[in-house]
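Q: First to last, the protein sequences are chains A and B. Residues 1323 to 1479 (the working numbering) are what the first sequence spells out, left to right. Residues 339 to 974 (the working numbering) are what the second sequence spells out, left to right.
Just so you know, these hints were derived from the structure itself, not from any lab. Note that beta-carbon positions come from the ideal geometry of N, C-alpha and C, so glycine has one too. There's no promise every hint is true.
As the list claims (entries may be wrong) - List time: in silico DSBU-like cross-link candidates among lysine-lysine, alpha-carbon distance up to 35 Å: (1) A:Lys-1433 - B:Lys-421; (2) A:Lys-1366 - B:Lys-642; (3) B:Lys-482 - B:Lys-459; (4) A:Lys-1444 - B:Lys-644; (5) B:Lys-599 - A:Lys-1447; (6) B:Lys-959 - B:Lys-642; (7) B:Lys-411 - A:Lys-1451; (8) A:Lys-1451 - B:Lys-673; (9) B:Lys-421 - A:Lys-1366; (10) B:Lys-644 - B:Lys-585; (11) B:Lys-520 - B:Lys-534; (12) B:Lys-742 - A:Lys-1366; (13) B:Lys-346 - B:Lys-955.
What the hints assert, rightly or not - To list a few chain B residues with every Cβ distance to chain A over 12 Å, as calculated: (14) Glu-584; (15) Asp-777; (16) Phe-938.
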Amino acid sequence: MTLGFTLAVFGGALAVVLGGIGSAIGVGLAGQASSGVMSEDPEKFGSYLLLVALPGTQGIYGFLSAFLVMLTLGLVGGPLKSPTIYQGWQILIACLPVAFAGLVSGIHQGKVCASGVYMVAKQPKDLMKPVIMAALVETYAVLGLLITILMLNGINL
Amino acid sequence: MAIAEVQKVQILAHDGVKMEILSTLQEEGLVQLERANVEELDLESSSREVSHLEHQLYRLSSALVYLSRWEEKGFVKKLFAQKPQIDRQKREEILDFDSLAVLDKIEKLEAEKNELLSEIKFLEKEEEFINPLEGLELPLRSLKPTDSTEILLGFLPVSQEEALKDLAEKEAIWFEVINRGKRIIYLFLVYAKREKDRFEQILKDLNFVHLYFTENMLSKADENDKVKDVMEKIQAEIQEKERRLEKLEKEGQDLFVHREKLMLLHDVLLSERVKIFSSGLLGETERVFYMEGWIRSSDAEKLKSKLKSSTDAIEVYSRNPLPEEEPPVILENPKSGKPFELLTKLYGLPQRGSFDPTLPMAPFFFLFVGLCVSEAGYGLLVALLSLLLIKFAKPKGGLLQFLKLFTLLGISTAVLGALIGGWFGFPLRSLMVLDPLQDPLSFLILALVLGFAQVWFGTLLNMINGIKNKLYFESIFAQGGWLLLLPTLVIYLQTKQSIWGILSLAGASGIVFFGSPSRNPFARFFGGLYSLYGISRYLADVLSYSRLLALGLATSVIAMVVNTLCQTALGIPWVGWLLAALIFIGGHLFNLGISFLGGFVHSMRLQFVEFFSKFFKSGGKPFSPFELESKFVEFI
């Protein structure tokens, strides 16, 4: 294994770890809020579940990017490639948008979803409004994912 | 014509037919009543009967909660359950049903049940208390102090046992262990009365806790009953009470047959309450009452003939809304566009002077969800499931529209999935026009072109609406300027041909000279220049559509991951195929869920933030007619 290969793997790991941390904190925040509200109002489990699940996407984006890195490297389903040091750095850097955008947006989306849970508790009919608010935050994770995918796509080993 | 025309309807009638007319209006459900603000008229007070009704509604709903325990269980059965139906003309007949007897019975059953439950709890506490003392072979009643000795029951920490033993060897105290627990031991203890104070102090220092039988337990014990006998008696009593509970359950279940009638009655009374509240909106003189409200213009004639057929003592007028009035909004769309009204309603209804954005938005939303999910297998699955639910669960109202929407979105996903995605992660190359994984740039351009088209279309709608509202100059030159500038600028940047550059300059000058409403020529010019800066907003809006690519790719890649995992699982001997099947089903269901959630929400955001912001002004009030209210049943 070369240094380039190691760097590339590190990039994929960063995407999963940072995206996962963002989502875990976000889902945790929303989950706490919804469990609290459900102690008074257990009927609306479904609506709350939707809001709690929303900040989970950043982790999935990170996972997806790492999978693409593994595909590029041939760790899944192909002969192992040996990238140069520069290519390794390139792959590592390509992973950063999804990793950091996911980390921060996951946490903030969780906060928006948590207050959305409180809102749905009082206005059950307005479920989609906090969902849209949360999607506004998620935009930046989506953009991070987009750039990561495009960058990874452009790096040919 | 996507907003239905609404008229104001005014009704004058004799006081004697007031309730009758209110009932008719409620049955028809065509009119939204407004407060009759006429100075010469008194508003009627409506406290009459309401508190009585509230009380009865409360009793009915708690009885229904009690009876719901015997409802048919199971998710599928609940999903396909039909509400009981009642003819709206004949709804008063249910008032003859003697609900009081049933309600009394149910309330009595519930009270008895609660009492039994608390008694059982009490007995169980006693049993728990007495249980460790079971080994005591003496009759309860004989445990009384004699002239010279004190007799005690109690417990002590295990660690103090040795100390007590030492004490018993030296002093006039004797004990026997009845029961040995993990941390404490239960004792039967006798000591000489003459040194009572001293022994009490010693025992206290040893952390001895004194136990007493309660009066209740002693009263249960006969002359020779030991602890064991009393325990058996308590257990027998608990069993007896549990049998009675079962009997009560049975009686309750027998009352379940009345549930439907109680439901009907509940909803009829609920509607009655609405009627009484609504009668507070009427204006009255001694003999005549007056009411007004909003009605869909196409329904006005129907209402007039309906009301006039029931009585002569009535006059009904209708007129178009005055400019200063704000009529409620009813959306009116063809059948295929109706499901998309859900999105418009979510954002807010159009205010007066704006228009219904449902139809212009529908094709874009339809397309975008398809692009975001872009997985033919998932699309077919969702469309089929929605159709099945519509067919067999027979939903009504909002839920029906929601399922129709998902049927449409499923179809869109299936078609676009076949063209640019795959079938459960397996691409079918012969059908595909573009593979986003191989050629993401083309997909990105497609997404941006679609975005450009929608943003441009939104600006066009804004111009048309402005012209309709007689803002000619600003609309034609400023909005028109944008319409000219945006496409020509893009073409100019691509081709560098000067004709396109000149056209875009023409568009820009329209914006500079008419983009600002100010009358001062300098302020107008610089304000216009500033509004030209809005081009960055347009750029950001169009770039926002790149999310279509990201979400579309995410679905395909996750589907691929699932299939790769399946392949790895197939390599495991013996159980490989089972694991692979589980991963395949679970993984794809998971991906379907998050893809549709993401695709729906992000496509909706594109409509709300990027598209609606160009032309649409919300703030209209929804039309909420005065009608029969139902919670458990359906009025037909």
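Q: Take the hints in turn and mark each one as holding or not.
A: These are the hints, each one checked on the structure:
Our distance criterion of 35 Å between C-alpha atoms is broken by Lys-1433 of chain A and Lys-421 of chain B, whose separation comes to about 39 Å. Distance hint between Lys-1366 of chain A and Lys-642 of chain B is unfulfilled; the C-alpha atoms sit about 43 Å from each other, more than 35 Å. Restraint check for Lys-482 of chain B and Lys-459 of chain B: satisfied, since their Cα atoms lie roughly 29 Å apart, inside the 35 Å limit. Pair hint Lys-1444 of chain A plus Lys-644 of chain B does not hold up; C-alpha atoms about 40 Å apart against a cutoff of 35 Å.
Distance hint between Lys-599 of chain B and Lys-1447 of chain A is fulfilled; the C-alpha atoms sit about 29 Å from each other, no more than 35 Å. Under the criterion of a C-alpha separation no larger than 35 Å, the hint pairing Lys-959 of chain B with Lys-642 of chain B is consistent with the structure, at around 25 Å. About 33 Å separates the Cα atoms of Lys-411 of chain B and Lys-1451 of chain A, which keeps this hinted pair within 35 Å; it holds. About 25 Å separates the Cα atoms of Lys-1451 of chain A and Lys-673 of chain B, which keeps this hinted pair within 35 Å; it holds.
Taking the CA atoms of Lys-421 of chain B and Lys-1366 of chain A, the gap is about 21 Å. The hint holds against a cut of 35 Å. Taking the CA atoms of Lys-644 of chain B and Lys-585 of chain B, the gap is near 53 Å; set against the 35 Å cutoff, the hint is violated. Note on Lys-520 of chain B and Lys-534 of chain B: the hinted pairing holds, with a Cα-Cα distance of about 30 Å set against a maximum of 35 Å. Distance hint between Lys-742 of chain B and Lys-1366 of chain A is fulfilled; the C-alpha atoms sit about 23 Å from each other, no more than 35 Å.
Among the hinted pairs, Lys-346 of chain B with Lys-955 of chain B is consistent with the structure: their alpha-carbon atoms are about 24 Å apart, no more than 35 Å. In this structure Glu-584 of chain B is separated from chain A by more than 12 Å, as the shortest Cβ-Cβ distance comes to about 27 Å. At roughly 9 Å, the least C-beta separation between Asp-777 of chain B and chain A is not larger than 12 Å, which violates its mark as non-interface. Distance check for Phe-938 of chain B against chain A: the nearest CB is about 9 Å away, which does not clear 12 Å, and the non-interface claim fails.
When the structure is compared with the earlier hints, violations turn up for hints 1, 2, 4, 10, 15, 16 and for no others.
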